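**Q** Next come the chains, spelled out residue by residue.
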Amino acid sequence: SQKIEQNSEALNIQEGKTATLTCNYTNYSPAYLQWYRQDPGRGPVFLLLIRENEKEKRKERLKVTFDTTLKQSLFHITASQPADSATYLCALFNYGQNFVFGPGTRLSVLP
Amino acid sequence: KAGVTQTPRYLIKTRGQQVTLSCSPISGHRSVSWYQQTPGQGLQFLFEYFSETQRNKGNFPGRFSGRQFSNSRSEMNVSTLELGDSALYLCASSTRPPEDNNEQFFGPGTRLTVL
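Here the protein sequences come in this chain order: A and B.
Using this note's numbering, you'd call the opening residue of the first sequence number 1 and step up by one each time.
Using this note's numbering, you'd call the opening residue of the second sequence number 1 and step up by one each time.
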């Protein structure tokens, strides 16, 4: 069966450390994958997109990797800050099924 | 540029009623997608429209329907409401169809409560 999972429901890290969030999928062949941030009571906000033929993308303190062999994407926030606390969602685009979202990881950055 | 707007923001209905939600995409965006978000199921795809055509539909019953107008504004309708339809309904817009590798801009959502 098809599945998309994010490894932790919640993740607590200390300010200044690197947060690493994982997204794994089964029985999908995504054309690309996106990461979003969602704050309570708000809609998701787009962060990064990575295509199936790309290994890594960066944007400021954010980095995403995509391994189609492992069927996994890693999302890193370096030098994390309390303002980075939010729920992070991965979403894969699968032809014929549109976007499929993971359940999200609630990140808390502790001062 | 104004963001995606959704109206109403909050709605309370009773079982059996029907509801219409509205979404105004960012100016110039022709692709609109709708999602349902619940604590148990997360974010689930409902439909996707591009230039007034429904191009894709998620795994939801026929009680869920939608349309897109010539100005790209979109509405979704849920008939014969059930308790399980209580959710945050999110609309997202983008300049091109989803298969063209582009980001989606989400609205704030409509919180629907069915009593």
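These aren't lab readings, by the way, just hints derived from the structure by calculation.
Quick caveat: nothing in here was measured; it's all calculated off a predicted structure.
Positions of the beta carbon are idealized from the N, C-alpha and C atoms, including for glycine.
Among the hints, erroneous ones may be present.
As the list claims (entries may be wrong) - DSS-like mimics (lysine-lysine), calculated; alpha carbons at most 27 Å apart, straight line: (1) 63(A) x 17(A); (2) 71(A) x 57(A); (3) 59(A) x 57(B); (4) 3(A) x 57(A); (5) 1(B) x 71(A); (6) 55(A) x 17(A); (7) 63(A) x 3(A); (8) 3(A) x 57(B); (9) 57(B) x 13(B).
Said to hold, decoys possible - Residues from chain A that face chain B, not an exhaustive set, calculated with beta carbons under 8 Å: (10) 28; (11) 31; (12) 34; (13) 40; (14) 42; (15) 44; (16) 46; (17) 51; (18) 62; (19) 93; (20) 95; (21) 98; (22) 99; (23) 101; (24) 104.
**Q** Give a verdict on every hint.
**A** Tested hints:
For the given pair, residue 63(A) sits about 14 Å from residue 17(A) by alpha-carbon distance, which is consistent with the 27 Å threshold. Simply put, residue 71(A) and residue 57(A) have alpha-carbon atoms about 17 Å apart, close enough for the 27 Å limit, and the pair holds. Distance hint between residue 59(A) and residue 57(B) is unfulfilled; the C-alpha atoms sit about 32 Å from each other, more than 27 Å. This hinted pair checks out: residue 3(A) and residue 57(A) have alpha carbons roughly 24 Å apart, not beyond 27 Å.
Only pairs whose Cα atoms come within 27 Å are accepted, and residue 1(B) paired with residue 71(A) is rejected, the gap being roughly 37 Å. For the proposed pair residue 55(A) and residue 17(A), the alpha carbon gap of about 23 Å is at most 27 Å, so the pair holds. A threshold of 27 Å between alpha carbons decides the hint, and for residue 63(A) with residue 3(A) the separation of about 23 Å falls inside it, so the pair holds. Distance hint between residue 3(A) and residue 57(B) is fulfilled; the C-alpha atoms sit about 19 Å from each other, no more than 27 Å.
The straight-line distance between the Cα atoms of residue 57(B) and residue 13(B) is roughly 24 Å, inside the 27 Å bound, and the hint therefore holds. Hint on residue 28(A) is violated. Least Cβ distance to chain B is approximately 13 Å, over the 8 Å limit. With a least beta-carbon distance of about 7 Å to chain B, the hint placing residue 31(A) at the interface is held under the 8 Å criterion. Nearest Cβ of chain B to the Cβ of residue 34(A): about 7 Å, under the 8 Å cut. The hint holds.
The interface hint given for residue 40(A) is broken, as the beta carbon of that residue sits about 11 Å from the closest beta carbon of chain B, more than 8 Å. Nearest Cβ of chain B to the Cβ of residue 42(A): about 6 Å, under the 8 Å cut. The hint holds. The beta carbon of residue 44(A) is positioned within 8 Å of a beta carbon in chain B (closest approach about 5 Å), and the interface hint is therefore held. At its closest, the beta carbon of residue 46(A) sits 4 Å from a beta carbon of chain B; the interface hint therefore holds under the 8 Å criterion.
Evaluation of the residue 51(A) hint against chain B yields a held restraint, the C-beta minimum of about 6 Å falling below 8 Å. A cut of 8 Å between beta carbons decides the hint on residue 62(A): the least distance to chain B is about 14 Å, and the hint is violated. Among the interface hints, the one on residue 93(A) holds; its C-beta lies about 6 Å from the nearest C-beta in chain B, closer than the 8 Å criterion. The interface hint given for residue 95(A) holds, since its Cβ lies 7 Å from the closest Cβ of chain B, which is under the 8 Å cut-off.
Hint status for residue 98(A) relative to chain B: holds, with the closest Cβ pair at about 5 Å, below 8 Å. Hint on residue 99(A) holds. Least Cβ distance to chain B is approximately 6 Å, under the 8 Å limit. Interface hint status for residue 101(A): upheld, as the beta-carbon distance to the closest one in chain B is roughly 4 Å, under 8 Å. Hint status for residue 104(A): holds, given a least beta-carbon distance of 7 Å to chain B, under 8 Å.
Hint compliance for this structure: hints 3, 5, 10, 13, 18 are broken, all remaining hints hold.
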